[in-house]
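Hey, can you work out the whole structure from these sequences and the hints?
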Amino acid sequence: MRQCEVEILDAKTKEKLLLLDKVEPIATILDIKSMFHKSNQRWYPARQSLCLDPKGKPLKDEDVLQMLPVGTTATFYFRDLGAQISWGTVFLSECIGPLVIYLMFYFRVPFIYAPKYDFKTSKHWVVHLACLCHSFHYVKRILETLFVHRFSHGTMPLRNIFKNCSYYWFFAAWMAYYINHPLYTPPYYGEQQVKTALGIFLFCQLGSFSIHVTLRNLKPPGSKIKKIPYPTKNPFTWIFALVSCPNYTYEVGTWMGFTVMTQCVPVAFFTVIGFIQMTVWAKGKHRSYLKEFKEYPTLRSPILPFIL
Amino acid sequence: MASGEEDGAVEEKETNNKKKRTKSAIAIAWLTVYNIAMTAGWLVLAVAMIRFYLQKGTHRGLYRSIARTLKFFQTFALLEVGHCAIGIVRTSVIVTGVQVCSRIFMVWFIASSIRQVQNQESVILFLVVWTVTEITRYSFYTFNLLNHLPYFIKWARYNMFIVMYPLGVIGELMTIYAALPYVRRSGMYSLRLPNTYNVSFDYYYFLIIVMLSYIPRKKFTPIVHHKTTLFAVSKIISEINVHMCKLYIYIL
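Respectively, the protein sequence lines represent chains B and X. Residue numbers for the first sequence follow UniProt numbering, so the first one is 1 and each next one is one higher. Residue numbers for the second sequence follow UniProt numbering, so the first one is 1 and each next one is one higher.
Hints in this document: simulated from the structure, not taken from any laboratory. There could be a bad hint or two in this list.
Incomplete in silico selection of chain B near chain X, CB under 10 Å [claimed, not checked]:
hint, residue
1, ILE179
2, THR185
3, PRO187
4, CYS264
5, VAL265
Every residue, glycine too, gets a C-beta built ideally from N, C-alpha and C.
In structure tokens, the structure reads:
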């Protein structure tokens, strides 16, 4: 079989970084990245962005050399994506933080509230319930990250971990401070309000879990073929008929439930900001679904049925 | 059939171009009026301040005498955010928004609401800085729109901020700092626990955060690859430069 030559140039300076000869035409971009990594130890494959054009879109790892519009000599432009960290690591640290931080406030660790309250838990039953719900939510998320989620991208830029962790950890501390405060005021409508909110919370948590499992089952492990998710026998997934990203819908619902349960403004803030961010993500995902699939169901909205 | 469609398309394009040109004419007219009005307003403020000082010989009571005019013209500057939003001025909405909001915050939530700081020298400092900066800025925009820019205005615009910016920051910071004891004692603009919505707000600590936010922001990502402190120092210096340039670009 005819062998190819691969030339890698820096996208900005156009200087020749590497010339690989005797490359098999069936080699994938990932193979080429591994070869590049061997000669430049600093740039591991996850950090490399190879494009056919200096200003073009990065090529995918699974693209095969002979399928690309190049002759026997291929020229790729390289861009350094910066230090990378795996999605799994980021998700885990995002979730372990709030879990631990909230519990510290719940158990009234010293130096947070006045000394006479140290290690004494609140007298309101809704505060115990809120702690259970909050912890349940993050434990569920951790378990999903470990056993359910399949990440389509392996890594993200390193600075994201600082950004994401600051956001989650700050808000966890802020809401935990007020909910577990000695001067906390229970919800205005009492037991009725808390029970309704708990119902919403649990419903949405079940829904969220169902969606995550459905999305996992969409494609076999390692496959990168994209498929449209459809409603299954599980009633919680029937929302797929109306929404592209029901995982976000259920997440917003969860936090709205928690807001009503605790009647706490910082929680409301967190819910609103989360809603805004998730709407942006949902719209992006919806747009990419529409671009990818011509037969994509027209009834679906990005995050809220018929509205948004 | 095809040529008919084409004609229709060409006609539409012409009316669109005409619309664009008419819109620009209205926009230019409005912006010219706006900038002339703002130049005049800040000139009035400058004159009032000078007159007060010449008549009374002291700065005590100066703020009170010009407070209403200052509030009016500084708040009116909110329109500039609108200008950026609809695109007739090519600046970022966020940059303009932050700048105008910080001015409005100083006027309404510090100087006007905390009487005890109104006779501080730092207030006079930032008032003078603002007046000089705004007169220069608005007259610059006015002359630009009229396509007749005197050299000294251009010079003032690009050079005075080197002195004005740090002086303004000092004036504002000192004023906020002077306000702190009064804020703490009176508990103004603060919300305490317990309350039905389980939230609290302390204006005192908020002001401290505001003061800290004046520090040019440097991203605290660990400088993993750069081993020498010299490189780190040069990075910090370049960061300060970037910040100065951003301000420069804003003023532009």
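Against the structure, the hints come out as follows:
no., hint, verdict
1, ILE179, "holds (7 Å)"
2, THR185, "holds (5 Å)"
3, PRO187, "holds (9 Å)"
4, CYS264, "holds (4 Å)"
5, VAL265, "holds (4 Å)"
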